[in-house]
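S.K.: Residue-level listing of the chains:
Number of protein chains: 2
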Amino acid sequence: MKRLIHAEIAAERLSEEQAAQPEGRFPLIAILDNIRSMYNVGSIFRTSDGARIEAIYTVGYTPHPPRKEIEKTALDATRTVPFKHFKTMAEAIADCRSKGMKIAALELTDKSRSIFDIGKGDFPMALVIGNEITGVSDEALALSDEAYSIPMFGAKHSLNVAVAYGVAVFECIRARSK
Amino acid sequence: MKRLIHAEIAAERLSEEQAAQPEGRFPLIAILDNIRSMYNVGSIFRTSDGARIEAIYTVGYTPHPPRKEIEKTALDATRTVPFKHFKTMAEAIADCRSKGMKIAALELTDKSRSIFDIGKGDFPMALVIGNEITGVSDEALALSDEAYSIPMFGAKHSLNVAVAYGVAVFECIRARSK
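Going down the list, the protein sequences come from chains V and Z. Here the first sequence is numbered in my numbering, starting from 1 and rising by one per residue. Here the second sequence is numbered in my numbering, starting from 1 and rising by one per residue.
Hint data in this document are derived by calculation from the structure and do not stem from the laboratory. Since the model is a prediction, treat every value here as computed from it, not as a measurement. Treat the hints with care, as some may be off.
Note that the list lumps identical chains together, so a pair holds whenever it fits in one copy or between two copies.
Keeping only pairs whose Cα atoms sit at most 27 Å apart, straight-line, the calculated DSSO-like set for lysine-lysine is [claimed, not checked]:
| hint | residue 1 | residue 2 |
| --- | --- | --- |
| 1 | Lys99 | Lys2 |
| 2 | Lys120 | Lys2 |
| 3 | Lys68 | Lys99 |
| 4 | Lys2 | Lys87 |
| 5 | Lys84 | Lys72 |
| 6 | Lys178 | Lys120 |
| 7 | Lys2 | Lys102 |
| 8 | Lys68 | Lys178 |
| 9 | Lys178 | Lys111 |
| 10 | Lys120 | Lys87 |
| 11 | Lys111 | Lys2 |
| 12 | Lys72 | Lys178 |
| 13 | Lys84 | Lys178 |
| 14 | Lys68 | Lys84 |
| 15 | Lys72 | Lys87 |
| 16 | Lys111 | Lys84 |
| 17 | Lys102 | Lys84 |
| 18 | Lys68 | Lys102 |
| 19 | Lys68 | Lys120 |
| 20 | Lys2 | Lys178 |
Model the full structure from these sequences, guided by the hints.
M.R.: Encoded structure:
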């Protein structure tokens, strides 16, 4: 096997200009509910470029571009993923509802379904990603239609938020493609 | 929906002592091929506790426990995921072969299959995770049976290594459970 070189990979990807276009995006908006770390936000941008989701909504005190630390971790995916900042979760969620999206929290709740049960009918979806310590806020949970969780088999309670987001969004892509 | 509280989540998890046992682990060993960042290694430990994989093999200059920075990012998952350090990829891969494992690189190659094509028959598996910049080494690729890649739809070439690992390992769990 031969590792692809930079030019071969680039030939399989969109240009930055193409990637930034509104057409053909995956019908998911990630709503970042008071995430603390710029590195997590940057990583979520990078993953969101790979998944080519519709947009990232940053909410409350979630750091948002332009911020050098975000752009560095995002490898400039802030140029290819549309984003918008909202002061409150209610405003961000109302915006997604007006687009006909189902609102789903990535959180352990008494009613969470496994991400492996997501199906084609669950899109378009707004996926709420919670704070590193406190998770998805009560306000956001009260406004959500559904919650999903990632099955966990060890002793720790959760994954890093940027990893959990990656696992969930690529499972969404797989689920919708079947 | 009600977010689970700490005690409710703990009741669904293994204790650290239970989680560290050899029985009932997911039949996958993650081989870290000269990863640079302690934070990525720590995050991979945390994810590996959640997936309860067999072990992590750190190779070459990959930082390995005990290291304060790894343990902090891992949230002490270094206590629940068995690990072993190898000087060379050849030794790490030979160890996995002796356990009857298929050797698979998570890398973009001319022969890579999508992670969404992984099936039950692909386990037990040793999954080689490459360096942040240079990817899986030529040496490891030459010794691998197979390569998998994560479908990418935007402009960036790849995901962060700890995110990519999380996406791949949870796709392995889903694939083997169907």
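S.K.: Each hint needs a verdict: does it hold in this structure or not?
M.R.: Okay, the hints, checked on the actual structure:
1. In this assembly of identical chains, lysine 99 and lysine 2 lie within 27 Å of each other by CA distance solely across copies; the values are 26 Å between and 44 Å within a copy.
2. When the C-alpha separation of lysine 120 and lysine 2 is checked against a cutoff of 27 Å, the pair qualifies only between copies, where the shortest distance is 26 Å, while the shortest distance within a copy is 35 Å.
3. Proximity of lysine 68 to lysine 99 under the C-alpha cut-off of 27 Å is found in neither arrangement, the shortest distances being 31 Å within a copy and 46 Å between copies.
4. With identical chains, the CA atoms of lysine 2 and lysine 87 are at most 27 Å apart between copies only, with a shortest distance of 24 Å across copies and 48 Å within one.
5. Taking CA atoms no more than 27 Å apart as the test, lysine 84 paired with lysine 72 passes inside one copy only; the shortest distance there is 19 Å, against 32 Å between copies.
6. For the homomeric pair lysine 178 and lysine 120, the shortest alpha-carbon distances inside one copy (8 Å) and between copies (18 Å) are both at most 27 Å.
7. Taking CA atoms no more than 27 Å apart as the test, lysine 2 paired with lysine 102 passes between copies only; the shortest distance there is 18 Å, against 42 Å inside one copy.
8. With identical chains, the CA atoms of lysine 68 and lysine 178 are never at most 27 Å apart, being 38 Å at best within one copy and 43 Å at best between copies.
9. For the identical chains of this complex, lysine 178 and lysine 111 are neighbours both inside a copy (25 Å) and across copies (23 Å), given an alpha-carbon limit of 27 Å.
10. Neither within a single protomer nor between protomers do lysine 120 and lysine 87 lie at most 27 Å apart by alpha-carbon distance, with minima of 31 Å and 46 Å respectively.
11. Taking identical chains as interchangeable, the C-alpha atoms of lysine 111 and lysine 2 lie at most 27 Å apart only when they sit on different chains, with a minimum of 8 Å there against 46 Å within one chain.
12. Taking CA atoms no more than 27 Å apart as the test, lysine 72 paired with lysine 178 passes in neither setting, with 34 Å inside one copy and 38 Å between copies.
13. Taking CA atoms no more than 27 Å apart as the test, lysine 84 paired with lysine 178 passes in neither setting, with 30 Å inside one copy and 38 Å between copies.
14. Only within a single protomer do lysine 68 and lysine 84 lie at most 27 Å apart by alpha-carbon distance; the minimum there is 17 Å, versus 37 Å between protomers.
15. For a Cα distance limit of 27 Å, the shortest separation of lysine 72 from lysine 87 inside one copy, 24 Å, qualifies, whereas the shortest one across copies, 32 Å, does not.
16. In this homomeric assembly, lysine 111 and lysine 84 never come within 27 Å of each other (Cα to Cα): the closest approach is 29 Å inside a single copy and 39 Å across copies.
17. Only within a single protomer do lysine 102 and lysine 84 lie at most 27 Å apart by alpha-carbon distance; the minimum there is 19 Å, versus 44 Å between protomers.
18. Taking identical chains as interchangeable, the C-alpha atoms of lysine 68 and lysine 102 are never at most 27 Å apart, the minima being 33 Å within one chain and 42 Å between chains.
19. For the homomeric pair lysine 68 and lysine 120, neither the shortest alpha-carbon distance inside one copy (37 Å) nor that between copies (43 Å) is at most 27 Å.
20. Taking CA atoms no more than 27 Å apart as the test, lysine 2 paired with lysine 178 passes in neither setting, with 29 Å inside one copy and 31 Å between copies.
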